[in-house]
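Chains A and B are the protein sequences, given in the same order. Sequential numbering from 1 applies to the first sequence in this note's numbering. Sequential numbering from 1 applies to the second sequence in this note's numbering.
The hints are simulated quantities; they were obtained by calculation from the structure and are not laboratory data. From a predicted model like this one, the values you see are computed outputs, not experimental measurements. Using N, Cα and C, we set each Cβ at its ideal position, and we do this for glycine too. Heads up, some of the hints might be wrong.
Said to hold, decoys possible - Only part of the chain B face toward chain A is listed, based on derived beta-carbon distances under 7 Å:
id, residue
1, Glu18
2, Leu27
3, Ile40
4, Ala43
5, Gln71
6, His73
7, Arg77
8, Ala78
9, Glu81
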Amino acid sequence: MANPYDVLGVSPSASDGDIRNAYRRLVKKLHPDLNPGDKAAEDKFKEVAGAYDLLGDADKRRRFDAGEIDETGTERPQQRYYRDYASGPGHAYADDGAFADYMDGDDVFAELLRRSQQARANRRGQDLRYRLAITFVESIAGANKRLTLPDGGTLDVTIPPGLIDGQVLRLRGKGAPGSGTGSAGDALIEVEVLPDPRFERDGDDISIELPISLTEAVRGGRVRAPTPTGEVTLTVPNGANTGTRLRLKGKGAPRRDGGHGDEYVKLKIVLPRVPDPDLEAFVERWEAGKSFNPREDR
Amino acid sequence: MKREEFLVRSGLQVETLEVWLEQRWLLPAAGDVESGYSEIDIARAHFIRDLQGNLGVNDPGIDVILHLVDQLHGMRRAFAELKQSQAKPGDE
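Sequences and hints are given; from them, build the entire structure.
The following block contains the structure:
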């Protein structure tokens, strides 16, 4: 890097005001965004900015003059300038006003300009992305949801039955409007399925854990069990145990082929919260219970 | 990117952003929660800051400069497209 005084075009005896003025004069001339087509402007601009970092700071200038620091070490991080994006296609700041009059002619140049402007004018609208959280039950059974947009508008979303967490729904034409004859973009809705403490999903199947009483386990009986589409009655066979799995056919998630997965109900025997004296007395004299070791075949 | 990320990366205060949006110096994509702001908005914000700061341009001056610079980029893009169509006359 050159001597910062030379870069700014000032003498080492220049006042702080002179340095600031020299810097501002150069920045006006060299700012990359005021020189969109001049590749060298950016390097020159960085050099000037680096020199001013040093000389514009009284303390750094004193240390540089005293030889304590050199002209390097003031390198600036890489910056992307507006000019790096502004000549690209399809952004909100595009302005064709500077050559609008050239497009009126019937020469080849005017024709080319018109054609490229038309292509831009009839651009398809942007796709807009949204997020939507639904309950587990809604993900299995399907639902109609209304999404409130940041601009206050609403979007009606039909959740198809059997949707899985993270799935993206595409609503055609519900994105940003296109320009000219360009079609509107799509709304892309990423759906998050909120967990439900009762249900767990495994592919098309669902599993739940269902507490049953000791009486229901021993003698069997009919109990109510939740499914995503409502409660059903389930027959617990007598002699059922903790871990016994029963299948509710077709109560799982819808499949692509039109069928449904199953719901698996895992039973769990739960004793009364308050110990029952009769039960205690029974277990006391229950010989088979004393000799049964559920851990022995482990 | 979202507004929060834009504020952090551009170094703008919320109040400044509000003013710039009102002046239509910045035009983020409306109604888009996920990607309302993009890289071009950040680069443009830096440009406006430079104009206001080191370049000492006042607000009406910024209006004029942005308008002219945007037209210049429109020209540059048109030239680039013309150049491309000249390079590949058969392609349509």
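We went through each hint and held it up to the structure:
Taking 7 Å as the C-beta contact cut-off toward chain A, the hint placing B/Glu18 at the interface is violated, the least distance being around 16 Å. Interface hint status for B/Leu27: upheld, as the beta-carbon distance to the closest one in chain A is roughly 4 Å, under 7 Å. Here the hint on B/Ile40 is kept, as its CB sits about 4 Å from the closest CB of chain A, short of 7 Å. With a cut of 7 Å, the hint placing B/Ala43 at the interface with chain A holds, because the nearest CB-to-CB distance is about 4 Å.
Given the 7 Å rule on beta carbons, the hint for B/Gln71 holds: about 4 Å separates it from the nearest Cβ of chain A. Because the closest C-beta pair between B/His73 and chain A is about 4 Å apart, less than 7 Å, the hint holds. A least Cβ separation of about 5 Å between B/Arg77 and chain A falls short of the 7 Å threshold, and the interface hint therefore holds. Checking B/Ala78 against chain A: minimum C-beta separation of about 6 Å stays under 7 Å; hint holds.
Given the 7 Å rule on beta carbons, the hint for B/Glu81 holds: about 4 Å separates it from the nearest Cβ of chain A.
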